[in-house]
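Could you put the whole structure together from the sequences, leaning on the hints where they help?
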Amino acid sequence: MKVFIPTPLRAYTGDRGEVEAAGTTIAEVLADLDRHFPGIRFRMIDEQDAVRRHIRIWVNQDEARALDVPVGPTDQVIIFQALSGG
Amino acid sequence: MSAARTAQSRSTKPAAGTVALLVATRKGAFIYRADRSRRAWRVAGPMFFGHTVHHVVLDPRSNAQGGRTLLAATRTGHLGPTIMRSTDLGRTWKEASRPPAFPKVPAGQKGRVVDHSLWLTPGNAAEPGVWYSGTSPQGLFRSEDDGATWSSVAGFNDNPMYAAWTGGEQDGTPDGPKMHSVIVDPRDARHLYVAMSSGGVFESLDRGASWTPLNQGVLADFLPEKYPEYGQDAHCVRLHPAAPDVLYQQNHCGIYRLERPGTVWQRIGTRMPRKVGDVGFPIALHPRDPATAWVFPMDGSTVWPRTSPGGKPAAYVTRNAGRTWRRQDAGLPESQGWFTVKRQAMCADANDPAGVYFGTTGGELWASRDEGGKWACIARHLPEIYAVEAVELAR
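First to last, the sequence lines map onto chains A and B.
Residues 170 to 255 (our numbering) make up the first sequence, in order.
Residues 12 to 406 (our numbering) make up the second sequence, in order.
It cannot be assumed that every hint is accurate.
Listing some non-contacts, in silico: residues in chain B with all C-beta distances to chain A over 10 angstroms [as the list claims (entries may be wrong)]:
no., residue
1, E106
2, N135
3, D156
4, D186
5, E270
6, R271
7, E345
8, S346
9, E375
Just the calculated beta-carbon pair ranges, DEER-fashion [what the hints assert, rightly or not]:
no., chain 1, residue 1, chain 2, residue 2, range
10, B, K385, A, E187, 31 to 41 angstroms
11, B, G78, A, H223, 49 to 59 angstroms
12, B, G228, A, W227, 47 to 57 angstroms
13, A, F249, B, T223, 41 to 51 angstroms
14, B, T223, A, Q230, 50 to 60 angstroms
By construction, these hints were calculated from the structure, which means they are not laboratory data.
Model, not experiment: these values are computed from the prediction.
Ideal Cβ placement from N, Cα and C applies to all residues, glycine included.
Quick look at the structure:
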């Protein structure tokens with residue numbers, strides 16, 4: 170499926186804003202992303218498996234607030250990161 | 012062991028080679044380099060442009076062999092924290108594959124999360140590849156592979172006394188409670204010190220497996236019990252490189268000195284001018300003389316402005332282990348200079364005379380080539396400076 174990467178994380182993806190990843194849940198998709206782009210998951214998900222405070226993950230039009238949200242091969246996963254702050 | 016005897020047993024030769032200042036800022040890292048005259052500086056950077064960099068440290072074990080290994084503690088805006096490593100003095104960097112992180116707790120429990128790594132310390136010379144990191148909230152982490160993977164030091168982080176020692180969020184600094192001043196005894200890799208804001212100073216004799224509070228004599232004027240066993244607000248602790256039984260501490264409640272094996276800190280800031288006081292964040296030590304230390308006092312009155320008292324910035328130096336202090340303000344603004352210098356942002360190099368350096372939250376980098384006798388601004392308009400480390404690069 171397609172995963173949209175916000176600009177602060179594109180250093181991991183070779184500046185690509187859209188990459189392919191596999192999995193049947195958000196957790197699996199993020200694990201697959203981390204296999205291809207080592208380190209990217211920890212910047213979004215903390216050591217207690219919580220989505221970091223200013224990260225939002227959407228599956229199509231719905232926000233995924235937990236890592237066990239199911240996804241299908243035709244879904245789009247969209248990762249947002251707040252750019253607030255000075 | 013007396014400080015004098017210890018000092019004699021260790022090398023006191025001035026350093027050779029070029030001097031580098033490793034400057035960590037809220038928006039990236041910079042490296043300033045000069046020859047031994049330290050008259051002209053050239054800059055490399057920004058590195059990690061736009062990222063928050065809390066500390067950049069050169070590995071002295073690598074440097075002694077002509078290497079150029081740096082570790083940097085970074086985070087990016089709202090993204091999680093990580094550690095970066097360079098083997099070519101910052102030209103290229105590689106990220107840790109397992110950055111410092113607290114152990115995951117079972118579902119339903121509230122686990123701790125590392126907000127940022129604040130402090131990096133190379134391990135003992137006998138343990139190449141070992142590094143320590145202190146974090147916010149308070150945590151101690153150890154790497155045994157040059158910073159590639161980090162493990163929680165369970166003896167501290169999972170200690171049954173952890174919550175009591177570290178207090179709650181309300182006991183920390185405005186940007187979170189911190190572990191800093193991670194110190195490894197150069198004579199003994201098992202002997203560690205850490206300090207916390209808040210929490211105080213702790214000592215381990217077994218490589219971090221167990222810890223003992225080391226706060227006797229240190230005031231905590233914000234607590235009901237003024238001299239508690241722990242809970243003090245240590246701002247910065249330094250161990251003298253040539254006399255490793257001598258410790259200096261800049262605390263929320265004054266300036267202190269401790270000579271081991273003693274366990275009672277002596278407040279040496281009481282001899283500071285009353286109008287200036289002995290509040291501040293950093294403390295820097297002379298590379299050879301254990302009786303010499305510099306502080307950069309700040310206004311700790313009323314709401315704690317944390318700026319130079321009266322808008323007149325100055326360092327103060329003691330040459331006699333705190334019996335007297337001398338103001339050092341030549342070259343600094345005579346008025347309307349509202350400097351804030353953070354706990355990691357003041358240091359000395361190993362030359363003779365020693366260079367002394369500090370960076371301000373207003374993005375100015377100041378240097379003295381004569382042990383504080385005269386100051387010059389060597390960079391301005393930088394982002395907020397978090398840390399300055401002076402190193403001598405081996406040829």
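Hint by hint, here is what the structure shows:
Remark: the non-interface label on B:E106 conflicts with the geometry, its nearest Cβ contact in chain A lying 5 angstroms away (cut-off 10 angstroms). With a least CB separation of 28 angstroms from chain A, B:N135 remains clear of the 10 angstroms interface cut-off, as annotated. Every beta carbon of chain A lies more than 10 angstroms from that of B:D156, the smallest distance being close to 15 angstroms; the non-interface claim holds. A cut-off of 10 angstroms between C-beta atoms confirms that B:D186 is not in contact with chain A; the least separation is 12 angstroms.
Distance to chain A confirms B:E270 as a non-interface residue, since its nearest Cβ pair spans about 40 angstroms, more than 10 angstroms. Every C-beta of chain A lies more than 10 angstroms from that of B:R271, the closest at about 36 angstroms, which supports listing it as non-interface. Separation of B:E345 from chain A is adequate, the least Cβ-Cβ distance of about 30 angstroms exceeding the 10 angstroms criterion. Residue-level check passed: B:S346 sits 28 angstroms from the nearest beta carbon of chain A, beyond 10 angstroms.
At roughly 19 angstroms from the closest C-beta of chain A, the C-beta of B:E375 stays outside 10 angstroms, upholding its exclusion from the interface. At about 57 angstroms, the beta-carbon gap between B:K385 and A:E187 misses the expected band of 31 to 41 angstroms. Take B:G78 and A:H223: their Cβ atoms lie about 37 angstroms apart, and the range 49 to 59 angstroms is violated. The hinted range of 47 to 57 angstroms is satisfied by B:G228 and A:W227, whose Cβ atoms lie roughly 56 angstroms apart.
Evaluation of the 41 to 51 angstroms hint for A:F249 and B:T223 yields a pass: the beta carbon distance comes to about 47 angstroms. Our hint of 50 to 60 angstroms for B:T223 and A:Q230 holds, since their Cβ atoms are close to 56 angstroms apart.
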